[in-house]
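Single-letter residue listing:
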Amino acid sequence: DAGVTQSPTHLIKTRGQQVTLRCSPISGHKSVSWYQQVLGQGPQFIFQYYEKEERGRGNFPDRFSARQFPNYSSELNVNALLLGDSALYLCASSLRESNQPQHFGDGTRLSIL
Amino acid sequence: DQQVKQNSPSLSVQEGRISILNCDYTNSMFDYFLWYKKYPAEGPTFLISISSIKDKNEDGRFTVFLNKSAKHLSLHIVPSQPGDSAVYFCATHNNAGNMLTFGGGTRLMVKP
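So the sequence lines, in the order shown, correspond to chains A and B. If you count by the working numbering, then the first sequence holds residues 1 to 113, one letter each, in order. If you count by the working numbering, then the second sequence holds residues 1001 to 1112, one letter each, in order.
Hints may contain errors.
Interface residues of chain A toward chain B, partial, derived using beta-carbon atoms under 7 Å [unchecked claim]:
(1) G42
(2) P43
(3) E97
(4) S98
(5) F104
(6) G107
Keep in mind that the hints were calculated from the coordinates and are not lab data. Quick caveat: nothing in here was measured; it's all calculated off a predicted structure. Note that the Cβ used here is the ideal one computed from N, Cα and C, for glycine as well.
Start from the sequences and build out the full structure, keeping to the hints where you can.
Dropping the structure here:
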């Protein structure tokens, strides 16, 4: 069975640009969450989507946005990129909305020059 | 302020011995805790969890202990194997159960 898949695996952008990251959850999983992991720290929660609705938002600026599609895949968009946005972006899926172990993809490594 | 803390950034253990990874939390309302393992270039992998109604949960070589009065949990790996070398994160759900808060991680090195 396929796990959570994310694309692309690596991305290099310059300051001020915009980026879109993609995530396909495990088949049958309806919840998708996004996390940002900066080097040397634990992942930080950005968004959760369940049944195509935003169900949770972490402490990130409005430059960060996301959506979930009818097939439960998801995109994370970041506008006006800053150097500090350089990080590993992780997508996680779970079967239901809450109180479930989340299963992570291998992430997208975003580097801002 | 960090709600979940792993105070040891690294731990080195001999193969076959016990590895003990520690985690402290600040909010007594947290009621579900998880441990994840992360290899380089891979996403975190769920290992084991514990609900606050228990003080111990065991799965093979992995045991998690929860001390609610001390707001402390620990992960025991016995016996440790070189393949266990990875970064270990403890995490907890928020009250809505949909957001994980992670500690900073502990890098475990198991030497052959």
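Comparing the hints with the structure gives:
1. Given hint, A/G42 at the interface with chain B, holds; its Cβ is 3 Å from that chain's nearest Cβ, closer than 7 Å.
2. Interface hint at A/P43: satisfied, since its Cβ lies 5 Å from the closest Cβ of chain B, which is below the 7 Å cut-off.
3. Checking A/E97 against chain B by beta carbon gives a least distance of about 6 Å; that is within 7 Å, so the hint holds.
4. With a least beta-carbon distance of about 3 Å to chain B, the hint placing A/S98 at the interface is held under the 7 Å criterion.
5. The beta carbon of A/F104 comes within 3 Å of a beta carbon in chain B, closer than 7 Å, and the hint placing it at the interface holds.
6. Here the hint on A/G107 is kept, as its CB sits about 5 Å from the closest CB of chain B, short of 7 Å.
In terms of the numbered hints stated before, the structure departs from none.
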